[in-house]
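Peer 1: Using the sequences provided together with the hints, build the complete structure.
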Amino acid sequence: MEHDINHPRPESFYDSSTVINVSKTGRMISSAAGASLLYLACANFSKSPLKSLGRMLAGGYLLYRGISGNCPVSAMVEDNLRPHHARAVNIRTKFNVNRPRNEVYAYWRQLDHLPAFMAHLYDVEVIDERHSHWTVKLVGGFALEWDAEIVEDEENEVLAWRSTEGADISNAGKIIFRDAPDGGTELHVTISYRPPAGYVGAGLARLLNPAFASMVKNDVRNFKNYVEGKKKKKIANS
Numbered sequence: 001m002e003h004d005i006n007h008p009r010p011e012s013f014y015d016s017s018t019v020i021n022v023s024k025t026g027r028m029i030s031s032a033a034g035a036s037l038l039y040l041a042c043a044n045f046s047k048s049p050l051k052s053l054g055r056m057l058a059g060g061y062l063l064y065r066g067i068s069g070n071c072p073v074s075a076m077v078e079d080n081l082r083p084h085h086a087r088a089v090n091i092r093t094k095f096n097v098n099r100p101r102n103e104v105y106a107y108w109r110q111l112d113h114l115p116a117f118m119a120h121l122y123d124v125e126v127i128d129e130r131h132s133h134w135t136v137k138l139v140g141g142f143a144l145e146w147d148a149e150i151v152e153d154e155e156n157e158v159l160a161w162r163s164t165e166g167a168d169i170s171n172a173g174k175i176i177f178r179d180a181p182d183g184g185t186e187l188h189v190t191i192s193y194r195p196p197a198g199y200v201g202a203g204l205a206r207l208l209n210p211a212f213a214s215m216v217k218n219d220v221r222n223f224k225n226y227v228e229g230k231k232k233k234k235i236a237n238s
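Those letters in the sequence shown? Residues 1 to 238, per the numbering used here, in order.
Fair warning: there could be bad hints in the mix.
Listed below are the simulated SDA-like cross-link pairs for lysine to any residue, each with C-alpha atoms no more than 20 Å apart in a straight line [what the hints assert, rightly or not]: (1) Lys-224 - Arg-130; (2) Lys-224 - Leu-121; (3) Lys-224 - Ile-175; (4) Lys-174 - Leu-114; (5) Lys-224 - Ile-176; (6) Lys-217 - Phe-45; (7) Lys-217 - His-113; (8) Lys-94 - Leu-40; (9) Lys-174 - Arg-130; (10) Lys-174 - Leu-53.
Derived CB-CB ranges, DEER-like [what the hints assert, rightly or not]: (11) Glu-152 - Lys-51: 35 to 45 Å; (12) Arg-92 - Lys-51: 41 to 51 Å; (13) Leu-50 - Glu-129: 43 to 53 Å; (14) His-188 - Arg-130: 45 to 55 Å; (15) Asn-98 - Ala-160: 20 to 30 Å; (16) Glu-155 - Ala-119: 44 to 54 Å.
Since the hints were derived computationally from the structure, they do not count as laboratory data.
Backbone N, C-alpha and C fix where the C-beta goes; we use that ideal spot for every residue, glycine too.
Peer 2: If you want it as structure tokens, here you go:
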């Protein structure tokens with residue numbers, strides 16, 4: 001299946017710098033993170049001018065790093081970034097839906113249906129019973145893609161997945177399904193994103209934390225409305 005995702009052209013975007021010490025994947029993520037920070041800065045400038053100014057400076061640096069491929073302070077910041085590589089960005093939430101547990105589990109188990117109610121997912125392509133390919137669209141038309149595998153699956157009880165080795169970004173998720181005291185289903189949702197080691201780990205973590213926290217909260221609300229029939233299905237990949 002082909003999707004209209006605007007990836008940067010390598011010859012003009014990646015290979016124009018005369019001193020390149022950042023990988024192509026690192027440059028793409030730097031550019032996406034920089035564009036996202038600039039977007040957040042502009043959107044919130046009137047409310048938080050000082051914080052927005054800091055975001056502009058950080059976003060400008062990341063854009064320069066991504067476009068030029070040159071990181072003149074990489075050696076200096078490497079030690080500061082290294083501790084952040086071990087810490088994932090974790091988002092945990094619990095909520096109830098007014099539907100039977102087996103039905104709620106079935107919605108989550110069909111991974112290719114997740115983008116219908118999860119706004120931060122562009123596409124999930126199921127490869128087989130355990131493996132799938134995920135795509136997230138970022139500000140500026142960039143995309144992150146990775147393969148994932150289901151690592152725990154107990155029908156109507158628990159569903160867990162994680163990205164496979166070598167992915168550009170480490171992702172994991174776990175959903176626990178329980179009967180709610182007043183009927184329906186109680187869900188415990190954990191989603192984790194870890195920036196890839198070796199480049200702008202801390203900067204991407206700071207970006208993902210507020211952005212994905214907000215997105216997941218909206219996605220939770222979208223799922224509740226979706227499964228309870230209060231909201232029409234999102235038209236994906238249109």
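Peer 1: With reference to the structure, classify each hint as holding or not holding.
Peer 2: Going through the hints against the structure:
| no. | hint | result |
| --- | --- | --- |
| 1 | Lys-224 - Arg-130 | violated (25 Å) |
| 2 | Lys-224 - Leu-121 | holds (17 Å) |
| 3 | Lys-224 - Ile-175 | holds (14 Å) |
| 4 | Lys-174 - Leu-114 | holds (14 Å) |
| 5 | Lys-224 - Ile-176 | holds (15 Å) |
| 6 | Lys-217 - Phe-45 | violated (23 Å) |
| 7 | Lys-217 - His-113 | holds (18 Å) |
| 8 | Lys-94 - Leu-40 | violated (27 Å) |
| 9 | Lys-174 - Arg-130 | holds (14 Å) |
| 10 | Lys-174 - Leu-53 | violated (36 Å) |
| 11 | Glu-152 - Lys-51: 35 to 45 Å | holds (39 Å) |
| 12 | Arg-92 - Lys-51: 41 to 51 Å | violated (25 Å) |
| 13 | Leu-50 - Glu-129: 43 to 53 Å | holds (51 Å) |
| 14 | His-188 - Arg-130: 45 to 55 Å | violated (22 Å) |
| 15 | Asn-98 - Ala-160: 20 to 30 Å | holds (24 Å) |
| 16 | Glu-155 - Ala-119: 44 to 54 Å | violated (27 Å) |
Checked against the numbered hints given earlier, the structure breaks hints 1, 6, 8, 10, 12, 14 and 16 and satisfies all the rest.
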